[in-house]
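Asker: Chains as they are written, first to last, in the numbering used here: chain S, 5 to 169; chain E, 5 to 169.
Honestly, the hints are just simulated from the structure, not real lab data.
The list makes no distinction among identical chains, and a pair is therefore deemed to hold if it is satisfied within one copy or across any two copies.
List time: in silico BS3-like cross-link candidates among lysine-lysine, alpha-carbon distance up to 27 Å:
1) Lys113 - Lys155
2) Lys113 - Lys12
3) Lys160 - Lys134
4) Lys85 - Lys126
5) Lys126 - Lys160
6) Lys168 - Lys23
7) Lys160 - Lys85
8) Lys22 - Lys73
9) Lys86 - Lys134
10) Lys168 - Lys58
Protein chains: 2
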Amino acid sequence: MSVSRLIKTRRSIRKFRKKTIAKRLIDEILEAGRWAPSGLNNQPWKFLVLDKAKKDSLAEFTHYSSVIKEADKAILVFLDKKASYNREKDLMAIGACIQNMLLYIHFQKLGACWLGEILNQKDELRRYFKIPKNLELEAVIALGYPSVFPKRTKRKQLRSLIEKR
Amino acid sequence: MSVSRLIKTRRSIRKFRKKTIAKRLIDEILEAGRWAPSGLNNQPWKFLVLDKAKKDSLAEFTHYSSVIKEADKAILVFLDKKASYNREKDLMAIGACIQNMLLYIHFQKLGACWLGEILNQKDELRRYFKIPKNLELEAVIALGYPSVFPKRTKRKQLRSLIEKR
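One chain only, chain S, in its complex shape (with noise of 0.2 Å):
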């Protein structure tokens, strides 16, 4: 498949069947997120991912918990503020890390969600879960096996969205 197919066939997938996706697959994803561009190659993101058991917990942190209910897993992505060097920039490159590990599920026709909502409360979860204070919550991903997929979301014209000079 082209990559141009591969970003417009992506979806956020939110009903999951019952199967476990294998640690190595898990590995790959992070893997594909890793060689993300970065402001002065400082790769300011951190992972944490958590399975079955432990991703449950999060669904009380979020108002979309069936999302997290329904996934095999989660993926939380953090800025780790030891390695930020401009914030703003961080941000960019965390969502460019992001993006190839979206990329890297719809390619092993997996599914993901990128949960923002959760960012709500990222402080009391990061109580819960005994996260280091330098790392601050940026995205969760919920993936799992679609069982589900739905139809591609509306997008604004491109003209509309190309200055001219």
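On the provided structure of chain S, position chain E as indicated by the hints.
Answerer: Then chain E, alone, in the frame of chain S:
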């Protein structure tokens, strides 16, 4: 090429051949960006493509002017404040959008460099290019046909990036 290979063989390209990128390819690159995920699907990005003649003025605004002068084109990536709902999540979405473009550029055997230092002069740059106030510059992508393909930069060991619980 598998997406993991594409991800791992992408490089920051700073030296380019004197060859023009077709308009069709530029549209396909922006199209890859357009399909990135964003919080609430708000798609907070806008693009300005500067061709050979216009991009050279960009070089005045950065210490890394040679990359811009060498490149065939430059894509300015903005956060559209009118479309913004959460600045930090929007920045991650823009990072995902940029990564889609970088991967597509690499897929097409083009090369690019994601420039960030130029943001230090984003206000001066906005005045010069008469950019509307709602558009905030977040990155410049210099691109063209690669002439020098550098070795891969180092990455932290995967195990050092994984928190255990």
